[in-house]
Amino acid sequence: MMATPMPAGVQMETRRITFRDAVREALQEEMQRDPTIFVIGECVELRSAWRTTRDLSVLFPGRVRDTPISESAIVGAAVGAAMLGMRPVAEIMVGDFVTTCMDELVNQAGKARYMFGGQIDLPLVVRIPTGLAKNAAAQHSQTLESWFMHAPGLLVAAPSTPYDCKGMLKAALRGRDPVLFFEYKMLYALQGDVPADDYTVPLGVADVKRAGRDVTVLCWGSVVHKALAAAVALEADGVSVEVLDLRSLVPLDTPAIQRSVERTHRAVVVEEACRPASAGADIAAWIAEHVFYSLDAPIKRLAAPPVPKPFSTPLEQAVVPQTDDIVRAVRELL
Amino acid sequence: MATKIGMPNLGHTMEAGTVVQWLKQEGETVARGEPLAEVESDKVVFTIEAPASGVLLRVIVPANATVKVGHVLGYVGEPGEPVPEVDAAPQPLPVASPGIPAPPLPAAAPRPSGPGERPRISPLARRLAQEHGLDPEQLPGSGPRGSVTQEDVLAAVAAHAQPPAVRTPAAPAVAERRPLRAMRRTIAQRMTQSWQQAPQVTQMLEVNMSAAEHYRQGRDLSVNDLILAAAARALVEFPQLNAALVDDSIEVYADVNIGLAVALDDGLVTPVVRGADRLSLAELNRQRRGLVDKATAGRLELGDMADGTFTITNLGSEGIRFFTPILNPPQAAILGMGQMARSAAVVDGRLEVRPLMGLSLTFDHRVVDGLPAARFLARIKSLLEDPAGLAAHAPQLGE
Numbered sequence: 001m002m003a004t005p006m007p008a009g010v011q012m013e014t015r016r017i018t019f020r021d022a023v024r025e026a027l028q029e030e031m032q033r034d035p036t037i038f039v040i041g042e043c044v045e046l047r048s049a050w051r052t053t054r055d056l057s058v059l060f061p062g063r064v065r066d067t068p069i070s071e072s073a074i075v076g077a078a079v080g081a082a083m084l085g086m087r088p089v090a091e092i093m094v095g096d097f098v099t100t101c102m103d104e105l106v107n108q109a110g111k112a113r114y115m116f117g118g119q120i121d122l123p124l125v126v127r128i129p130t131g132l133a134k135n136a137a138a139q140h141s142q143t144l145e146s147w148f149m150h151a152p153g154l155l156v157a158a159p160s161t162p163y164d165c166k167g168m169l170k171a172a173l174r175g176r177d178p179v180l181f182f183e184y185k186m187l188y189a190l191q192g193d194v195p196a197d198d199y200t201v202p203l204g205v206a207d208v209k210r211a212g213r214d215v216t217v218l219c220w221g222s223v224v225h226k227a228l229a230a231a232v233a234l235e236a237d238g239v240s241v242e243v244l245d246l247r248s249l250v251p252l253d254t255p256a257i258q259r260s261v262e263r264t265h266r267a268v269v270v271e272e273a274c275r276p277a278s279a280g281a282d283i284a285a286w287i288a289e290h291v292f293y294s295l296d297a298p299i300k301r302l303a304a305p306p307v308p309k310p311f312s313t314p315l316e317q318a319v320v321p322q323t324d325d326i327v328r329a330v331r332e333l334l
Numbered sequence: 001m002a003t004k005i006g007m008p009n010l011g012h013t014m015e016a017g018t019v020v021q022w023l024k025q026e027g028e029t030v031a032r033g034e035p036l037a038e039v040e041s042d043k044v045v046f047t048i049e050a051p052a053s054g055v056l057l058r059v060i061v062p063a064n065a066t067v068k069v070g071h072v073l074g075y076v077g078e079p080g081e082p083v084p085e086v087d088a089a090p091q092p093l094p095v096a097s098p099g100i101p102a103p104p105l106p107a108a109a110p111r112p113s114g115p116g117e118r119p120r121i122s123p124l125a126r127r128l129a130q131e132h133g134l135d136p137e138q139l140p141g142s143g144p145r146g147s148v149t150q151e152d153v154l155a156a157v158a159a160h161a162q163p164p165a166v167r168t169p170a171a172p173a174v175a176e177r178r179p180l181r182a183m184r185r186t187i188a189q190r191m192t193q194s195w196q197q198a199p200q201v202t203q204m205l206e207v208n209m210s211a212a213e214h215y216r217q218g219r220d221l222s223v224n225d226l227i228l229a230a231a232a233r234a235l236v237e238f239p240q241l242n243a244a245l246v247d248d249s250i251e252v253y254a255d256v257n258i259g260l261a262v263a264l265d266d267g268l269v270t271p272v273v274r275g276a277d278r279l280s281l282a283e284l285n286r287q288r289r290g291l292v293d294k295a296t297a298g299r300l301e302l303g304d305m306a307d308g309t310f311t312i313t314n315l316g317s318e319g320i321r322f323f324t325p326i327l328n329p330p331q332a333a334i335l336g337m338g339q340m341a342r343s344a345a346v347v348d349g350r351l352e353v354r355p356l357m358g359l360s361l362t363f364d365h366r367v368v369d370g371l372p373a374a375r376f377l378a379r380i381k382s383l384l385e386d387p388a389g390l391a392a393h394a395p396q397l398g399e
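Keeping their order, the protein sequence lines are chains A and B.
With our numbering applied, the first sequence covers 1 to 334.
With our numbering applied, the second sequence covers 1 to 399.
Next up, chain B with everything else stripped away, as it sits in the complex:
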């Protein structure tokens, strides 16, 4: 009886194979074990040996045809032996032919992994990648057996977060099309950096804003401007809060550049008022409004957000009194403004209704200790409770 020659299974992932060439012609004599044909999977070429001695009775699948594993390729047997009826045509398989794109074969694995294995991605790496909007399967793996690890994801996040080196002249248009994911990625990366690297402590106190409110009457000033001015003045007096831990040294800044956190629909930006300690209240007001308008319109340029040495953030509009702002790395401190609300206050031993405002100061405890930070915050309070002093400060430039 004729012996069947089948398409061999050359690996766990092999579903089909291609006949490269027949090494014998139909009718040619073959000895058992003699090379009969070459077949190919997507990885290897394999020589089929004759399963029995005799002649190659019939070739069913010609060279270059692709059939499923197990499909009959031909028969070997005694000369003249009948061959079972087999549909000579190979089973139709999607094979590469001109004009028809080949089906996606299992592509060469991007990293060393065995046949049929999923890419090795650690659960932590997968979670982090998802949080940062990255596809972990596209990342190179440096862990054991080529697995993608936390380190690989964080490296990719850092790479993505690099700002473009050069801004094209078409900046405003690009700014408007800035994808949400890029900003979120930057925020995520910077906040993670802040949270992981800086031991941060938050202190809170309440400020009686009666005098500040009185001072603002008839002037084109917002509470933000007074806070900005008070912070700038206090930073000059407490330079250790106007600092950053860079590598292994504390850098105390000579400039007082105060960033203002501005919420956007899809994130947060921090334009910077440069040299805030040298600006009059009126000038602070003008610059602050200009920067916030630009931020809201999405027209900030990189330069507007660079070189901050301290940050002020404000959640008062939503009724928050106190919160724990997170440091804007590498800055050593950030001031959170809370809601100013008419509240019960003890004034000269009597219960009075006063506009009180909560301030929350977060500082990097590697750079500054609790007591100086508390004194800094107390100084801001005293400046706000006597705003005339702030105006009097209005230094070199005059008011």
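Okay, chain A solo, but in the shape it has when bound:
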């Protein structure tokens, strides 16, 4: 994969690292800074499945804890620890199984501050490796961001570059709220530049990954790179595509969406998740509601059909939007 540049305007000494290193560096730097941070999950201590927590157990003895295979126990323990003043980082090794912790997240973590009259914060980060991998099949390939967008009190982040990943994870680890941090597995090997110095990227701020005139492609996570490739392909035809990387889904940077679509007058919302009641559906609805009179064409949505993610490679490719699909969708709006 290509290396991703730093955002324009960031002027400082940089290093080139992978997305997985971005996760690890963010954890390491923040654990160094804040002794209340600890990591809990399956295979985070001895053998990190995604190598995102590699060596942390050596650097921070006792603060990286392996658990039995029980996501609800991991998140339940983390929620309790957060209520008592710790800053747990829970890893759901295979993000699909976050479904087993819905009560802990939706009914406890998201509502605790509200229900206890503001007496407690819930500074919890749940890292959720997510999305299609290679032949990972129906229980190891999903993207479930929208489930948590629906639950009040939970923040939802899904970065697309090492720079954003490191900066947003550090921001999440300095916040007061439970953050569901979706890491697209296919991005772990992606290289990109990050500042040598300490920095954060606030949650809730979208980023124009490529400025354009004619159409805004709204996306996040791994889809951002397909959108950028589509923008390059379309540029050859004189079509100028703006790629708006939302980066966070909760809070959603609606002013950025409005600014972009008011300028381009056309929007394509692209995601890997299944189409019904998805994050993209909500974003498209927001545009229709608030930017309607600036639209020069119907809002276009690209998403997976509501089928289990297949095992077969060709079907895997067919089921989620690809660069060609984005190119075609943009052309249909012009």
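Derived from the structure by calculation, the hints contain no laboratory data.
Backbone N, C-alpha and C define an ideal beta-carbon position, used for all residues, glycine too.
Just so you know, nobody snuck in bad clues.
Below 25 Å or equal to it, Euclidean Cα-Cα: the simulated DMTMM-like pairs (lysine to aspartate or glutamate) are: (1) Lys-300/A <-> Glu-137/B; (2) Lys-300/A <-> Glu-151/B; (3) Lys-4/B <-> Glu-34/B.
If we take Cβ atoms under 8 Å as the criterion, some of the chain A residues that face chain B in the derived model are: (4) His-265; (5) Phe-292; (6) Tyr-293; (7) Ser-294; (8) Leu-295; (9) Asp-296; (10) Ala-297; (11) Glu-332; (12) Leu-333.
Chain B: place on chain A using the hints.
Coordinates of chain B only, in the frame set by chain A:
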């Protein structure tokens, strides 16, 4: 039992159909599936096949009659079989007949669109069309699936805004009947063009008008004339403000033609004082008054408003001190006059009451940068604060 033949439904929009001809006579033998009659909707002719074998027992709706979808056209059955009692007369429908205009049928769609669909007009196009007083349904669509887009509306607006190529001799009468919408459309189009194309910056400063007021005493001059003269002089000294970006080059004008924005009941016109840099104060006064009178009376001719290189606009009468005038494209600058009011001013270190006037200069930052624009505005200020110099300028023509 006799089998009913009904008027078929040939499409989502079809409410009624016409029997073109019966292919069988009453009493004639028909086989199931054999062509029995031809019917027509507004789009297609369709052949009705016999629903059963037997004879055509009865024709209820004759050729050329129009009935609603589902209406009984006739019956097929065994010879001699009784036919249900049906009001033989077709239901009265408004059909075309001599002397009676046909009801408005769904006209051929002006653009490709399916049956029963509204014309495809983007929300943006609809909004823009409304703002420009256009009916978007009358515009040709160039967007996806024939939809009317922003581009189509702007093209129509530009087409409407074209001034007539030739003015008829009856110009004054036409000018009086000039519809409000035309002027608003022109203003809208030109202001949109200005706003979209030129990155414009406004600078403001206050001018002490004591000397100017003193100078005007006993002379037939208005403040407008002094501003006009000061602007003309400053434009000669700062030609980059007397310019325009045309295509990819900056055109610096040799002539100083200053437009004066004049508010009318229903809009705004900008008559032009030509060669303002070569006119004496008295001549500026005479020409300005002449143009404003013509404008107010609605008697301006196109030539009176053409070829401006700079514009002055004035909101001082309403108490506005400063504002952000919008460029009059393609001109690179516009000067806004604010109210002249007796205000606190520091003179020689003392607080005095002086007539101060706000000036606001908007310039096209593609053509000129902030500092030269500021110097230009400062020069206007210094000319107004020493108006004797303006009079002394009164060049070739003398005063």
